[in-house]
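J.: The lines below spell out each chain.
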Amino acid sequence: MSDPTYKLTQSVRTVTESKRLLLKLDRLLASSHTTTSDYKNLSKKLTAVQRQLLIEDLQDLDTTLSEPEAQKIISDIRNSIKKMPIATLELAFQSSDLFTEEITDTMKAIIKTPCLVQIKHNPTIGGGIVIYFQGRHHDYSLTDKFDEFSKV
Amino acid sequence: MTIALVVWIISVIVTVATFVIILLVLLIRTPGFKGKQKTKLQPINEAENLISSAQAKASKIIQNANLFNEQASKQISDSLEEVNQTTKNRASKISENITNKASEQLNDIIDKHNEKWEQTLSSYETLTQEQIVQFRKKLSDTIKEEIKNAQQSVAQHRITEEKRVTQELEKQMPKLIKKLTGRSIPVDVHEDIVREALAKIRQDNILKP
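For the record, the sequence lines run as chains P and E.
The working numbering puts the first sequence at residues 89 to 240.
The working numbering puts the second sequence at residues 410 to 618.
What the hints contain is simulated information worked out from the structure, not anything from laboratory work.
Keep in mind that a hint or two might mislead.
What the hints assert, rightly or not - Take a look, some chain E residues computed to stay more than 12 Å from chain P by CB distance: (1) LEU414; (2) TRP417; (3) VAL429; (4) ARG567; (5) THR569; (6) ARG604; (7) LEU607; (8) ALA608.
What the hints assert, rightly or not - Below, computed lysine to any residue pairings styled on SDA-like, alpha-carbon distance capped at 20 Å: (9) P:LYS160 x P:HIS226; (10) P:LYS170 x P:HIS226; (11) P:LYS200 x E:ARG573; (12) E:LYS609 x P:GLN98; (13) P:LYS200 x E:SER562; (14) P:LYS196 x E:ILE615; (15) P:LYS196 x P:GLN98; (16) P:LYS196 x E:ILE422; (17) P:LYS200 x E:VAL563; (18) P:LYS171 x P:HIS209; (19) P:LYS200 x E:ARG567; (20) P:LYS112 x E:LYS609; (21) E:LYS609 x P:ILE207; (22) P:LYS196 x P:LYS160; (23) E:LYS609 x P:LYS170; (24) P:LYS208 x E:GLN612; (25) P:LYS196 x E:ILE568; (26) P:LYS200 x E:GLN612.
As the list claims (entries may be wrong) - Examples of chain E residues lying across from chain P (beta carbon under 10 Å, computed): (27) SER562; (28) VAL563; (29) LYS572.
Note that the structure is predicted; figures quoted are calculated from it, not measured.
Glycine included, each C-beta is placed from N, C-alpha and C at the ideal position.
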């Protein structure tokens with residue numbers, strides 16, 4: 089299971105975001121650093137929020153981290169992100185950025201565990217939502233309602 | 410002199426005309442000439458006479474013996490009428506370019522049909538009253554049975570077809586409704602439906618990691 093203690097891990101919400109962040113963390117790990125303050129400078133490849141969270145993650149543990157220790161933390165963050173479960177949501181319409189953000193937050197609140205949300209457009213469900221999470225399928229779509237109606 | 414010449418010319422013209430008339434009369438009286446005319450008309454007349462005779466005979470037998478019910482009588486009458494019409498048509502076609510060979514062919518056709526129907530009609534004549542009753546009953550039963558089978562077959566086909574159409578409708582209608590519904594719902598309504606679904610998911614607490 090992923091480690092929920094890292095703020096940077098918790099900040100990642102979608103699969104797309106995680107892919108971008110993992111790419112940046114890989115580049116960061118490939119660089120040579122000596123002190124935590126160097127990470128403050130070198131982690132400019134991240135967004136301002138991500139960089140701040142990474143610094144906080146590093147400082148929270150120890151302000152005088154050695155380079156191997158800092159790299160281990162970054163590696164742990166990377167692994168925790170990679171291990172995060174993915175919740176795939178199917179919607180019948182093209183979701184706006186605002187609504188995507190809203191339902192992502194809602195999903196994370198419902199699941200109560202760090203996870204990545206992935207939204208897919210599937211017009212065949214008619215409306216509502218279909219969720220695939222940890223090998224299970226939860227159908228709250230109009231298709232499901234129609235099928236129930238047809239059975240009746 | 411002039412008068413003598415005119416008289417001579419007139420006598421020559423009269424002589425030639427008389428000769429031509431004699432030749433024409435002789436030609437008309439020639440046996441071969443008359444025979445050809447007779448051969449042309451004879452097969453058609455014979456065909457018509459034979460078929461008319463057969464048809465009249467059949468009608469008489471049907472009417473007197475009361476052998477068949479109305480439907481069977483009509484079928485036989487129609488068959489005879491069809492044969493009659495077909496033969497007449499063929500005779501008419503052949504008569505357009507009639508030759509001796511064609512006459513023979515026509516006679517063969519007439520003989521063939523005549524023989525066939527004479528044979529058929531003769532067999533009807535030899536039936537006893539009891540056989541007629543049995544035949545009529547058998548025919549009636551057979552027709553009833555066939556009608557019953559046909560009705561059952563139609564009813565079964567209708568049931569099968571209704572079932573197939575119903576199944577097809579049940580299969581297609583939801584798809585169509587979903588497709589139309591999905592397109593017709595405004596985005597804000599879509600979003601509300603999703604919110605309600607998420608609220609229900611939260612309430613059901615089904616997404617336990």
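J.: Keeping to a limit of 20 Å between CA atoms, is the pair of LYS208 of chain P and GLN612 of chain E held or broken?
T.: Given that 20 Å is the threshold and the Cα spacing comes to 24 Å, the pair is violated.
J.: Holds or violated: are the alpha carbons of LYS200 of chain P and VAL563 of chain E at most 20 Å from each other?
T.: With a Cα-Cα distance of about 64 Å, the restraint between LYS200 of chain P and VAL563 of chain E is violated, given a limit of 20 Å.
J.: Has the given pair, LYS200 of chain P with SER562 of chain E, been kept, meaning a C-alpha gap of at most 20 Å?
T.: violated (65 Å)
J.: Measure nothing beyond the straight line between the CA atoms of LYS200 of chain P and ARG573 of chain E; if it is 20 Å or shorter, mark the hint as holding.
T.: violated (49 Å)
J.: Compare the distance between the alpha carbons of LYS609 of chain E and ILE207 of chain P with 20 Å, and conclude whether the hinted pair is satisfied.
T.: Distance ~19 Å between LYS609 of chain E and ILE207 of chain P Cα, so the pair holds.
J.: Beyond 12 Å on every Cβ pair: is that true for THR569 of chain E relative to chain P?
T.: holds (22 Å)
J.: When you check the alpha-carbon spacing of LYS196 of chain P and GLN98 of chain P, does it fall within 20 Å?
T.: Roughly 10 Å between the alpha carbons, so the hint for LYS196 of chain P and GLN98 of chain P holds.
J.: Within a Cα-Cα threshold of 20 Å, do LYS196 of chain P and LYS160 of chain P meet the stated pairing?
T.: Cα-Cα ~27 Å, so violated.
J.: Are the Cα positions of LYS171 of chain P and HIS209 of chain P separated by 20 Å at most?
T.: Violated: LYS171 of chain P and HIS209 of chain P sit about 24 Å apart, past 20 Å.
J.: Between LYS609 of chain E and GLN98 of chain P, does the CA-CA distance stay at or below 20 Å?
T.: violated (25 Å)
J.: Hint check: is the beta carbon of VAL563 of chain E less than 10 Å from a beta carbon of chain P?
T.: VAL563 of chain E check fails; min Cβ-Cβ to chain P is 30 Å, beyond 10 Å.
J.: Verify this label for me: VAL429 of chain E is non-interface relative to chain P, using a Cβ-Cβ cutoff of 12 Å.
T.: It holds; VAL429 of chain E is separated from chain P by about 102 Å at its closest Cβ, greater than 12 Å.
Violated hints, listed in ascending order, are 6, 7, 8, 9, 10, 11, 12, 13, 16, 17, 18, 19, 20, 22, 23, 24, 25, 27, 28 and 29; each of the other numbered hints is respected by the structure.
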